[in-house]
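Participant: What follows is each chain in one-letter form.
Number of protein chains: 2
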Amino acid sequence: MENKKLEITLSGAGGQGIVVAGYVIVYAAGILEGREVVQVISYGPEARLGSSRSDVIISDTPIAYPKVKRPDLMLIMNQESYDKLHGNLKEGGTLIVDSTFVNGVLEDFAYKIPFTRYAREEIGSPVVANMMALGFMAKLTGIIKIENLKQAIRDKVKKSFVNLNLQAVEKGVYLAEDIINNKA
Amino acid sequence: MENKKLEITLSGAGGQGIVVAGYVIVYAAGILEGREVVQVISYGPEARLGSSRSDVIISDTPIAYPKVKRPDLMLIMNQESYDKLHGNLKEGGTLIVDSTFVNGVLEDFAYKIPFTRYAREEIGSPVVANMMALGFMAKLTGIIKIENLKQAIRDKVKKSFVNLNLQAVEKGVYLAEDIINNKA
Chain A
116 MENKKLEITL SGAGGQGIVV AGYVIVYAAG ILEGREVVQV ISYGPEARLG SSRSDVIISD
176 TPIAYPKVKR PDLMLIMNQE SYDKLHGNLK EGGTLIVDST FVNGVLEDFA YKIPFTRYAR
236 EEIGSPVVAN MMALGFMAKL TGIIKIENLK QAIRDKVKKS FVNLNLQAVE KGVYLAEDII
296 NNKA
Chain B
116 MENKKLEITL SGAGGQGIVV AGYVIVYAAG ILEGREVVQV ISYGPEARLG SSRSDVIISD
176 TPIAYPKVKR PDLMLIMNQE SYDKLHGNLK EGGTLIVDST FVNGVLEDFA YKIPFTRYAR
236 EEIGSPVVAN MMALGFMAKL TGIIKIENLK QAIRDKVKKS FVNLNLQAVE KGVYLAEDII
296 NNKA
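These protein sequence lines are chains A and B, in that order. Numbering-wise (the working numbering), the first sequence opens with residue 116 and increments by one. Numbering-wise (the working numbering), the second sequence opens with residue 116 and increments by one.
If you are wondering where the hints come from, they were derived from the structure by calculation, not from laboratory data. Be aware that a few hints might be false.
Sample of chain B residues at the chain A side, in silico, Cβ under 7 Å [claimed, not checked]:
1) G145
2) V152
3) V153
4) V155
5) Y158
6) P181
7) K182
Pairs of lysine to any residue residues, derived as SDA-like cross-links and limited to a Cα-Cα distance of at most 20 Å, are as follows [unchecked claim]:
8) K120/B <-> Y180/A
9) K184/B <-> P177/A
10) K182/A <-> K184/B
11) K182/B <-> E151/A
12) K271/A <-> V272/B
13) K273/A <-> L279/B
14) K182/B <-> R150/B
15) K199/B <-> E151/A
16) K120/B <-> P181/A
17) K182/A <-> V272/B
If you want the footprint, here are the derived chain A segments under chain B, 3+ residues with CB under 8 Å [what the hints assert, rightly or not]:
18) 151–158
19) 194–205
Idealized CB from N, CA, C, for every residue including glycine.
Bound-form chain A, shown alone (with noise of 0.2 Å):
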């Protein structure tokens, strides 16, 4: 990707993987890619209700304000987030919606994709749709390279998770190289 800087949200309910699936994007930018990178991750007393938001910048130079206003990109998980967010979008920026939990998207061009019911039914655990997720995102967009995406796992999540994890991520690669080939 050529952006200098990219910012991302990724927002969905407590449970989701909303923290974590940040963490794992920063940690293959900025650990293993070398890049500059922020994670902000804000609860509030709203957060109880059960919404999750992590906000990510990737950049090529220092990040002087980490605070993610506009995005270039957005992962939603769930119709509360995305009432409450969807609006932020950058003009041309890349929204993803979770279509298991997200059903009233007003976006033509938002990529709907059931992670959780892809995740529960081919891999057999609804959990890792965060990753499925990242693996979809990773290939649309480039923002990491999905090695890295994979060795932020294998290095990071729980050993008993890493393999559940990897499938995750090659079912969304998987996902988008179809979208990729249908527009080529």
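With the hints as your guide, set chain B onto chain A.
Facilitator: Chain B alone, transformed into the frame defined by chain A:
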């Protein structure tokens, strides 16, 4: 603690559990205590050389600007981080260092505790030094309740490490009580 807004910088070498320590604080303060919290994890190219930093803001009101410049509280776990960051401390702020690795400390008022040595010698695991430091910090400053620190560990740490981490917290609390009692 009566601060309306508290800024914390945690820093150390890679592998000392700085990011996890910050996450435990934000989880305890944000999810369990329902306060406004932000964690900023920064990695730059220098992070590959081993330095890790995690900033946390806890506030009773929404946090508009997530950058920590003049922390009220610092936990520093290696000399390199000390050299780079100690000058940032707010006047009157609290400085805690792991004196296992930080030897050249200029501030007389600093709390110099060999967390890693204690963790190795008394708990049999140097990697829980981060949680011992959190127990110490929480008891000394009251930033989060000890019970919520323990609950955050139960909720968020790998099951097989929960007990070691709780032992480390207890030791840190004990060390702080010792200082508080000696001052009284």
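Participant: Against each hint, give a clear statement of whether it holds in the structure.
Facilitator: Hints versus structure:
| no. | hint | in the structure |
| --- | --- | --- |
| 1 | G145 | holds, 3 Å |
| 2 | V152 | holds, 5 Å |
| 3 | V153 | holds, 5 Å |
| 4 | V155 | holds, 5 Å |
| 5 | Y158 | holds, 3 Å |
| 6 | P181 | holds, 5 Å |
| 7 | K182 | holds, 5 Å |
| 8 | K120/B <-> Y180/A | holds, 19 Å |
| 9 | K184/B <-> P177/A | holds, 15 Å |
| 10 | K182/A <-> K184/B | holds, 14 Å |
| 11 | K182/B <-> E151/A | holds, 15 Å |
| 12 | K271/A <-> V272/B | holds, 13 Å |
| 13 | K273/A <-> L279/B | holds, 17 Å |
| 14 | K182/B <-> R150/B | holds, 17 Å |
| 15 | K199/B <-> E151/A | holds, 18 Å |
| 16 | K120/B <-> P181/A | holds, 18 Å |
| 17 | K182/A <-> V272/B | violated, 28 Å |
| 18 | 151–158 | holds (count 8) |
| 19 | 194–205 | violated (count 0) |
Hints 17 and 19 from the list above are not met by this structure, while the remaining hints are.
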